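Protein chains in written order, with my numbering: chain A, 14 to 366; chain B, 14 to 366.
Please keep in mind that the hints were generated in silico from the structure rather than gathered at the bench.
Please read these numbers as outputs of a predicted model, since none were measured by experiment.
Hints are not guaranteed to be accurate.
Copies of the same chain are indistinguishable here, so a pair counts whether it falls within one copy or spans any two.
[Claimed, not checked] Straight-line alpha carbon distances no greater than 25 angstroms define the calculated SDA-like cross-link-like pairs of lysine to any residue that follow:
#1 18 - 189
#2 18 - 323
#3 111 - 345
#4 54 - 326
#5 124 - 230
#6 54 - 230
#7 64 - 127
2 protein chains.
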Amino acid sequence: MSHLKNDLFLRALLRESTPHTPVWLMRQAGRYLPEYCQTRKRAGSFLALCKNPAFACEVTLQPLTRFGFDAAIIFSDILTVPDAMGLGLYFSEGEGPKFERPLTREWEIRKLAVPDPNVELRYVVDAVAEVRRALDGRVPLIGFSGSPWTLACYMIEGGSSANYHTVKTLAYARPDLMHHILDVTARTVTAYLNAQIEAGAQAVMVFDSWGGALSEAAYREFSLAYLRRIAAGLIREREERRVPSIVFTKGGGLWLEAIAASGFDAVGLDWTMDIGRARALVGERVALQGNLDPAVLLAPPEIIATEARRVLDAFGPHPGHVFNLGHGISQHTPPENVEALVETVHNHRPQEQ
Amino acid sequence: MSHLKNDLFLRALLRESTPHTPVWLMRQAGRYLPEYCQTRKRAGSFLALCKNPAFACEVTLQPLTRFGFDAAIIFSDILTVPDAMGLGLYFSEGEGPKFERPLTREWEIRKLAVPDPNVELRYVVDAVAEVRRALDGRVPLIGFSGSPWTLACYMIEGGSSANYHTVKTLAYARPDLMHHILDVTARTVTAYLNAQIEAGAQAVMVFDSWGGALSEAAYREFSLAYLRRIAAGLIREREERRVPSIVFTKGGGLWLEAIAASGFDAVGLDWTMDIGRARALVGERVALQGNLDPAVLLAPPEIIATEARRVLDAFGPHPGHVFNLGHGISQHTPPENVEALVETVHNHRPQEQ
Chain A
14 MSHLKNDLFL
24 RALLRESTPH
34 TPVWLMRQAG
44 RYLPEYCQTR
54 KRAGSFLALC
64 KNPAFACEVT
74 LQPLTRFGFD
84 AAIIFSDILT
94 VPDAMGLGLY
104 FSEGEGPKFE
114 RPLTREWEIR
124 KLAVPDPNVE
134 LRYVVDAVAE
144 VRRALDGRVP
154 LIGFSGSPWT
164 LACYMIEGGS
174 SANYHTVKTL
184 AYARPDLMHH
194 ILDVTARTVT
204 AYLNAQIEAG
214 AQAVMVFDSW
224 GGALSEAAYR
234 EFSLAYLRRI
244 AAGLIREREE
254 RRVPSIVFTK
264 GGGLWLEAIA
274 ASGFDAVGLD
284 WTMDIGRARA
294 LVGERVALQG
304 NLDPAVLLAP
314 PEIIATEARR
324 VLDAFGPHPG
334 HVFNLGHGIS
344 QHTPPENVEA
354 LVETVHNHRP
364 QEQ
Chain B
14 MSHLKNDLFL
24 RALLRESTPH
34 TPVWLMRQAG
44 RYLPEYCQTR
54 KRAGSFLALC
64 KNPAFACEVT
74 LQPLTRFGFD
84 AAIIFSDILT
94 VPDAMGLGLY
104 FSEGEGPKFE
114 RPLTREWEIR
124 KLAVPDPNVE
134 LRYVVDAVAE
144 VRRALDGRVP
154 LIGFSGSPWT
164 LACYMIEGGS
174 SANYHTVKTL
184 AYARPDLMHH
194 ILDVTARTVT
204 AYLNAQIEAG
214 AQAVMVFDSW
224 GGALSEAAYR
234 EFSLAYLRRI
244 AAGLIREREE
254 RRVPSIVFTK
264 GGGLWLEAIA
274 ASGFDAVGLD
284 WTMDIGRARA
294 LVGERVALQG
304 NLDPAVLLAP
314 PEIIATEARR
324 VLDAFGPHPG
334 HVFNLGHGIS
344 QHTPPENVEA
354 LVETVHNHRP
364 QEQ
């Protein structure tokens with residue numbers, strides 16, 4: 014494996030000091046890039062893009078060609094995991110992801126099993142290896158998965174949901190079944206992330222996109238408990254280097270201290286929490302990743318620069334910050350605005366306060 | 014005006030002790046009640062229901078006939094305010110509220126003016142007076158309005174929105190225009206709430222449903238600043254009694270202390286924050302209203318009782334708690350589950366800790 018030319022991202026995740034703050038964006042390979050739209054068209058569909066390692070590799074690298082991002086993230090979708098568990102993922106026009114076989118009956122839940130990621134998710138593992146080769150040590154590669162709670166939301170609701178009433182009703186009325194789903198899914202996620210690490214992922218991130226829909230007690234019971242288990246089961250070193258892990262609960266700001274104690278090296282923040290306050294709360298325990306409102310990228314470049322500096326200054330002159338958005342980049346973002354953002358972050362020198 | 018037979022709700026909002034915790038539910042007059050659906054059918058549409066004081070009075074009283082709620086809330090919609098400002102509210106089947114004339118151009122924004130609530134919103138003011146007479150002192154009547162930020166979201170997006178990108182782009186790129194909209198709307202909301210108080214509302218509540226979509230800095234600038242202005246402009250006493258005010262920013266838990274200092278008597282909480290922790294944070298400054306996850310009401314009655322007691326016990330044996338959901342009741346809630354909830358709250362006696 015080649016030597017890593019830019020390891021700022023990995024160093025920041027381990028709270029080592031870096032000459033400038035590294036930056037990447039959630040969903041950085043996506044529809045706001047014309048070249049992405051072209052590859053997607055050639056692939057035929059979003060799912061075909063995910064399932065073909067050559068296409069996945071191509072779109073993973075596209076944002077790195079354009080912008081000076083400090084990390085790549087494997088192009089994939091969190092719902093490949095329930096798909097590998099047999100639920101039959103498909104995308105219906107204008108309605109987002111759906112499952113042919115959502116979990117609606119007890120026997121369906123009882124027969125859930127952990128798939129072998131090197132078989133059922135081979136296309137992701139292969140894409141990781143291919144991207145890693147193509148990157149040739151330019152920047153680190155991030156592997157990822159959805160969290161058990163977030164995946165369970167989709168598996169039980171059968172797709173996106175406005176209020177998660179079906180999955181919450183199951184959680185409140187039949188916690189035994191809910192815990193069974195979460196247990197199988199947590200073991201799957203752990204094996205899947207480890208397979209990505211073994212294939213070359215140099216950091217991993219868990220997206221708990223819907224954890225913030227829960228009450229604090231329910232979050233601890235149905236999401237955080239399984240995040241802890243995943244953190245405890247991850248491969249921690251590979252190629253004589255620590256493989257840092259990031260956890261991101263969207264809407265989880267209220268529970269930041271508990272999340273920071275869950276065993277991950279870094280915590281992703283959405284844009285609702287002041288990152289300076291977050292840093293003060295977590296202290297030396299974890300690095301932080303975030304947290305510009307993605308809507309800012311729709312404003313003119315000078316506003317983007319001001320708002321990005323506001324985040325950087327709020328974090329202050331400490332090690333352990335990876336700049337990112339607080340959520341995925343909007344498809345309506347003009348690519349030149351991303352350029353303005355990356356330039357601002359890279360040129361910013363923290364003021365000693 | 015008749016003597017108030019049950020004033021527990023008003024006393025709890027002023028942090029006076031009460032023999033049991035008072036309870037009402039956001040959207041308690043709504044589609045989960047068959048009698049509501051019947052009246053709505055007779056009225057012809059949701060908007061016709063809102064705009065006819067006799068129908069509005071009828072549905073306001075329906076949940077009080079069924080359940081032992083400790084407060085009534087005038088049946089209306091937050092979007093009557095932009096409608097009165099000339100935007101032309103309508104409801105399209107399955108798509109929710111829309112405006113015929115959303116704010117899209119600078120001249121439209123510049124010509125916004127404060128309507129006279131006693132003219133343009135006469136139907137609400139009349140409904141308040143009619144409900145107050147019909148209640149005959151049984152429980153207090155709550156008047157309400159949307160917050161300036163939340164109303165501006167609808168006025169600029171033209172309806173509901175997944176990510177508020179249009180309104181946020183305006184806020185970031187043209188803060189001058191955004192502040193003009195918020196200024197006119199805040200003056201309108203203040204006049205509207207005061208008109209409701211003069212017509213007989215014994216408490217008022219401001220719903221900041223989308224404040225939680227903002228970053229902390231943007232929340233302070235575009236939502237909280239205007240909430241403070243409203244609080245400062247409200248009529249504070251009427252019929253020789255304090256008229257308590259409640260502010261509810263959904264998703265605002267991270268900013269609770271700032272919200273508690275904004276001048277309202279009570280703060281509504283969504284279900285994501287532990288109410289015991291919230292009480293510890295606000296101390297003696299305000300009462301708290303909340304905060305059961307509405308999804309709990311879809312579970313069996315014994316689970317509802319357990320989860321309701323969890324909220325009551327988390328708040329603890331202190332004055333200043335009004336029990337409520339953390340958001341509006343789901344239309345799929347079985348009415349008998351509401352009965353189980355009200356009974357649990359009324360029969361609960363706080364444990365000295």
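Each hint, compared with the structure:
no., hint, verdict
1, 18 - 189, "neither (48 angstroms within a copy, 45 angstroms between copies)"
2, 18 - 323, "neither (29 angstroms within a copy, 53 angstroms between copies)"
3, 111 - 345, "both (24 angstroms within a copy, 22 angstroms between copies)"
4, 54 - 326, "neither (41 angstroms within a copy, 56 angstroms between copies)"
5, 124 - 230, "neither (28 angstroms within a copy, 48 angstroms between copies)"
6, 54 - 230, "neither (44 angstroms within a copy, 40 angstroms between copies)"
7, 64 - 127, "within (20 angstroms within a copy, 56 angstroms between copies)"
The structure fails to meet hints 1, 2, 4, 5 and 6 from the earlier list, while all remaining hints are met.
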